[in-house]
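Trainee: So you can see what is in the structure, the chains are spelled out below.
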Amino acid sequence: MDQMKVSTAAVRASGLSRQYGATKALDNVDLTLERGITGLLGPNGAGKTTLLSILATVNEPDAGQVSVFGLDPRDGAERVEIRRRLGYLPQELGYHRHFTVAGFLDYIAILKEITDRRRRADEVARVLAAIGLESRARTRIRALSGGMRQRLGIAQSLLGEPELLILDEPTAGLDPEQRLRFRELLSDLPVDPVIVLSTHQADDIAAICPKVVVLLQGQVRFSGTPAELAATAASRVWAADERDPRAHLSWRGGDSRWRHVGDQPPDGAEFVQPTVEDGYLLLSHAAGQR
Amino acid sequence: MTITARRQAQRPARRPAPRLATVLDIARVEARLLVRSGLVLAGLVAGGVVIWLFIHPVEPLWWNVAWEIGEGQLVLAMAVLVAAQLAAGRASRDGLADLYASFPASAGTRALGQLAGLAGAIPASLVLIGASAGAVELIGAIGTPAITVLAGGLLLVIAAGAAGIAIGTRFAHPLAGVLGALALFGISSQSGRFSGAVIWLLPWEFHQDDLGFIPGPLTGYPPAGAHATELAAFAVLAAIVALAVTVRAVRARAGLATAGIAAVALIGLAGAVQLRPIPTAALNHLVTESANPASAQRCTTASQVRYCLYPGFGSLLPSWQAPVNGVLAHVPARPGHTLTVSQVGTTSLDSTLTHGHPKRQVARWDAELGRAPAIVRPGSAIYLPVGSWPAFGGQLADARFNLALAAADWATGIPITSSNGPECVPFDQAREAIAIWLAILAAHPRASELQAGLPAHGIGAGPDIHGTIVPIWNFRGAVAGQVDPFGSIPLTTEAGYLLAHAMTSLPEQKVANVLKDGWSRWINVRTTDAQLAAALGIPMPKVPVPPTALVRRLIANQGPNIEVCGSG
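Those protein sequence lines, which keep their order, are chains A and B.
According to the working numbering, the residues represented by the first sequence are 184 to 473, in order.
According to the working numbering, the residues represented by the second sequence are 8 to 575, in order.
Think of the hints as simulated: they come from the structure by calculation, not from any bench.
The structure displayed is predicted, hence computed values, not measured ones.
Wrong hints could be hidden among the right ones.
[Unchecked claim] Chain B stretches covered by chain A per the calculated footprint, using a threshold of three residues with CB under 8 Å from any CB of chain A: (1) 30-36; (2) 99-106; (3) 110-119.
[Stated by the list, open to error] Sample of chain B residues with no beta-carbon within 10 Å of chain A, all distances over it, derived: (4) ILE194; (5) PRO224; (6) GLN328; (7) HIS344; (8) SER355; (9) ARG371.
Using N, Cα and C, we set each Cβ at its ideal position, and we do this for glycine too.
Using the sequences and the hints, build the whole thing.
Mentor: Written out as structure tokens, the structure is:
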């Protein structure tokens, strides 16, 4: 049965380690990704971007192995095959500012080996419609707002209907409506790709990710459903009229009452329903990474 | 097995996209960007301006102009180099390196596409060639276009683009391309420091000027075919460097290394061919046709004036005849001896031409050229060097006036030939003013051009004639060198010009009658300006005398003595 699980995982990483100088970015990471959306949570410097860049075949691990759709990125031909099935949005994406929106997407589509001109045009039109930039097709990128550029970055990752979609902080810079549209976009993808997205927005994870992975100090500290992550905070989130110094973190909500997250709730505490964010905060605190 | 797993297992692996198709797609985009590049457009315009500056002053000779068009291509090549470097470094410079690294099209494929995209520079180069060739033909080119040389200019642009990509794949900063372009210009512009055939090894030879004075193309020279081969091999070598930076596979690198060695070998071979001496027979022919023009020139006689031109230069004849005939139409009586207007070929062979030939042979050629009529000046002739007759505009007007003045000097007996002797000045000789007046009537120079020959501050300098400084009238066009390249035409005095100018304010017929009545007297060497002025009934124009201190300084500083002109 275990053997079956291993063989059906679309993406599998085992024992991944990566070090930059004295800093361990990844430390013996094991990970399996199935079709559907996996959210990757972690503070800055936790190794999320390094992990995603290795999965995207841009970086190589110092140790460990990666298998994507059964293909080994260490092999040149198989690496190319992985890339043909990949859509990638790096965390800090630049742009050819003098290109038009459509021109940029067309160029990226060429680099994704979409060589049929009509199919390429259709693909560019499709992703432009998906991110709501059809009317900006002829606009130079330098004239776009930051949010529009981020949407353009998402659009390029969708070209070619990738089977593996790696999105590093895709909602950074998006306004609330655009974030909701982004959720809708991922839900409406025509194929059923493996999607892994890193974000600081726990509510994004809760809303669209059937699976969440928490990465802390280069190690996977949690892997499960958002509900399971929230459940780890059960009986450790409480409400009170006054601030409780025993809590790791406290804030006053819209109803003027204090919401506390901590390992030592007072006796008779008024427990409230924990969220993904609460679970993540407690994990993070436990790892000493607040 | 889950549904997802089954679907994954059933999904066939995508067929590998043909790499060539991706390369061609990239090439198409890059070519389009290059075609629309403001930088390339600026290079095209600047190249056109450079070519125009080179070709417009004189009647263009194709065997020379083709290289000058290449000098404009060098400017375009610099722009293409910068544009190509910017394109090659674009991903890295714009923060897209990680994204690009995730694509199936490798850096090598992108580099190949960008190299193929250099086709986008071809239209600009062809436009430059076409426009220049059109302008050259419109001006009135002599000879036939040298296709190999023109193609060499195109290859120069492509090679520079390949070099730009090689630079850009390694150095993304825009300054790298600018430095590359400056290096290209620096190497080419330093050709004046080299002697011999080495200059042809440079990307483009910038200082050659011997081609502009030879009366026809030299067989196999310059070595255009070998130079084009050298440029093509350089383009291949630069492309190999660009690919070597991006390609990882050992086999591919080995292939590139082999191709690189072949390209270097081809460059060496092309270089060796370019360094070969010009065949002795070709130089013998050049020396013969220059030293003994009669063996090559075709002479025609019209209105008792003999015009001798090298084959192919016949189109210049009307432009020469007009000012000469204009003078002759106003001369009451011609001298007994015939006037000859003749072209002069090259009068010396520089080291670029004689490279590789024994010194004794070179000395023989020099000696033979030293006996050329233009040097020995055996008779009454006006010599016009090949490649110096202006094509149009103000310089052509100047040249026509110069030719008219030389013809008028001949008509009035002022010596226009002297056997390597010092130049003379027709000081206080009425025939000088008459000659200038005749030239003005024949060539109709602009009054401002004539006035510009007067001293700037009213007090002119000139030669010391028997202890007197004779202010000189320096007609601006006289320095252009169209008439007589050897500096032994007579000087013109300020007094002579002022008197001629005063004559032009009189009715032409009145002056003509006065001259006709006593022509032999007026062209006599002893007849003075004052006598002519008196006969015409006009006051003798006053010429400001330089202050004593200035006179002393001018006398102390002047060169060899200049004689008063005698009989022609």
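Trainee: For each hint, tell me whether it holds in the structure or not.
Mentor: Results of checking the hints against the structure:
no.	hint	in the structure
1	30-36	holds (count 3)
2	99-106	holds (count 5)
3	110-119	holds (count 5)
4	ILE194	31 Å, holds
5	PRO224	46 Å, holds
6	GLN328	58 Å, holds
7	HIS344	73 Å, holds
8	SER355	54 Å, holds
9	ARG371	63 Å, holds
In the structure shown, no violation is registered for any of the earlier numbered hints.
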